[in-house]
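The listed protein sequences derive, respectively, from chains W and L.
Heads up: take any position in the first sequence, counting from 1, add 75, and you land on our numbering.
Heads up: take any position in the second sequence, counting from 1, add 17, and you land on our numbering.
Hints were generated in silico from the structure; no laboratory data involved.
Check before you lean on any hint, since a few could be wrong.
[What the hints assert, rightly or not] Reference excerpt, derived from the structure (chain L facing chain W, CB under 8 Å, subset only): (1) L21; (2) T43; (3) E49; (4) I51; (5) R53; (6) K57; (7) S60; (8) D171; (9) K173; (10) A321; (11) S322.
Just so you know, even glycine gets a beta-carbon here, dropped at the ideal spot from N, CA and C.
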Amino acid sequence: MSNKVLLDSLKINVLLNRLSCQLLEVHGDFSDTVLIGLQPRGVFLLDRIVFLLKDKYGIHDLKVGRLDTTFYRDDFRRSEKIHSAKPTELNFEVEGKKIVLIDDVLYTGRSIRAALTAIDYFGRPSIIELLVLIDRRFSRHLPIQPDYLGVQIDALEGDKVRVEWKSKIRKDCVYIEK
Amino acid sequence: MDELTVNNLLGVENLTNNDFELIFNTANRFKEVINRPIKKVPSLRDITIANLFFENSTRTKLSFELAEKRLSADVVNFSASQSSISKGETLVDTVNNILAMKVDMIVIRHPHPGSAKFLSENINSQIINAGDGTHEHPTQALLDCFSLKEKFGDLKGKHIAIIGDIIHSRVALSNIFALKALGAEVMICGPKSLLPKYSRSLNVKVETDLIKALRWCDAANILRVQNERMNLNFFPSTREYFKLYGLNKEKLELIKKPITILHPGPINRGVEITSEVADSENAIILDQVENGVAIRMAVIYLLASKIKNITN
Chain W
76 MSNKVLLDSL KINVLLNRLS CQLLEVHGDF SDTVLIGLQP RGVFLLDRIV
126 FLLKDKYGIH DLKVGRLDTT FYRDDFRRSE KIHSAKPTEL NFEVEGKKIV
176 LIDDVLYTGR SIRAALTAID YFGRPSIIEL LVLIDRRFSR HLPIQPDYLG
226 VQIDALEGDK VRVEWKSKIR KDCVYIEK
Chain L
18 MDELTVNNLL GVENLTNNDF ELIFNTANRF KEVINRPIKK VPSLRDITIA
68 NLFFENSTRT KLSFELAEKR LSADVVNFSA SQSSISKGET LVDTVNNILA
118 MKVDMIVIRH PHPGSAKFLS ENINSQIINA GDGTHEHPTQ ALLDCFSLKE
168 KFGDLKGKHI AIIGDIIHSR VALSNIFALK ALGAEVMICG PKSLLPKYSR
218 SLNVKVETDL IKALRWCDAA NILRVQNERM NLNFFPSTRE YFKLYGLNKE
268 KLELIKKPIT ILHPGPINRG VEITSEVADS ENAIILDQVE NGVAIRMAVI
318 YLLASKIKNI TN
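Here chain W stands alone, though its shape is the one from the complex (with noise of 0.2 Å):
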């Protein structure tokens, strides 16, 4: 097994501040827009463009959440990889918001297809959008596309595409496992 790094922590810091830029261009003071992350490594993309917007940008009035889509799986008894749900925290209406899903990686975009099922237990919103770190390309199942894109990449389909974030021991990382 070999890493082979895609992208530093420059490189990434870039990207999360071009993503909340561009977030901060469509949604302006974000009044009907919610940010929810996806479970389990979408919210820490999450945490990190919230923070940039609060921090950087002044929004401090944001509604943000988390969804876990392990219930609302296709895959359910049909892949040998258990998911293993975590929690869940919509404490607001989704009814006609405008609703942007976070999460790290876009691969096959079934788990973005559980998202947009798990969305509608909860209600109509206006919109849903999709951003996400990295966009592997050439491997969709499903008629999914990112509306805010950090970089594109390809990879094969075997490999493993990670995303590590900053830590007290190490540094924000994109990295292929091959």
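Chain L: place on chain W using the hints.
Quick look at chain L alone, frame taken from chain W:
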């Protein structure tokens, strides 16, 4: 995520600590789901579950049915009184006939101890024991422990007393297994005639004095006096039972500390517990009922994840 180590839920006796943790974590997620405006997830939309109740039940049957429907499973119900059992059909035949109609999972309540295990050995389907005679009632013990964990956090070292009709109670036996597995200390308390002879082998404290038991415990699980299982007189009168073992405000005031009160239902108000206590702040009886649906959703979901024959 780990899987459950078992393919059927026949009892809590054979569950591992990981199994408990997995069930409780999943139940926490489902508890959040059932408090949403739309209390339903689509996970089990291609699963059919048969609820076979060979014994009367209101709460457990309703709770299982709600859990199944909130997971989007198709549900068929079967009660012994309306069945061919009265025409002489065997249990295995009845169940096999139901399975031939492409049912994926069976929830069974039966008056005979071991009936769920017997079924699991004879038919090819997943079984959940919803109470087999005086043996086990695993989902009740799971929901009791889940409710206690919500109240206390960790159960390690906590003192839990199970009070009342122990000998006829599958709830008591399942609770003892589950509580001990989770590290709690368990005491059973009741009149000698309602305590089992094998209590020593269960490794629990035994007490016949209710006040002593109440002083010792952090939580008391008050069991129903099961008149329907008593073909002999186990105590002289309900009045005497209430006087010695019925939980009332006066007895609780005597011990001068708050204790958490559980009851698996249905309550015989004025026999094992007074209304005043059952409806008091320290009683978590209705939490138990709410948690029952979440626990059953978790158990059904986790067992259903093991049914892999999608293409058949």
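Going through the hints against the structure:
1. For L21/L, the interface hint is violated, the least distance from its beta-carbon to any beta-carbon of chain W being 10 Å, above 8 Å.
2. Annotation: T43/L was flagged as interfacial toward chain W, and the flag holds, the nearest CB pair being 6 Å apart, inside 8 Å.
3. This hint holds: E49/L has a C-beta 6 Å from the nearest C-beta of chain W, less than the 8 Å allowed.
4. Checking I51/L against chain W by beta carbon gives a least distance of about 12 Å; that is not within 8 Å, so the hint is violated.
5. Nearest Cβ of chain W to the Cβ of R53/L: about 7 Å, under the 8 Å cut. The hint holds.
6. Annotation: interface hint on K57/L holds; nearest CB of chain W at approximately 7 Å, less than 8 Å.
7. Contact between S60/L and chain W, as hinted, is supported at the beta carbon level, the nearest pair being about 5 Å apart and thus within 8 Å.
8. Interface restraint check: D171/L against chain W, minimum CB-CB distance 20 Å, threshold 8 Å, status violated.
9. Here the hint on K173/L is broken, as its CB sits about 24 Å from the closest CB of chain W, past 8 Å.
10. Hint on A321/L holds. Least Cβ distance to chain W is approximately 7 Å, under the 8 Å limit.
11. Interface restraint check: S322/L against chain W, minimum CB-CB distance 6 Å, threshold 8 Å, status holds.
Hints 1, 4, 8 and 9 from the list above are not met by this structure, while the remaining hints are.
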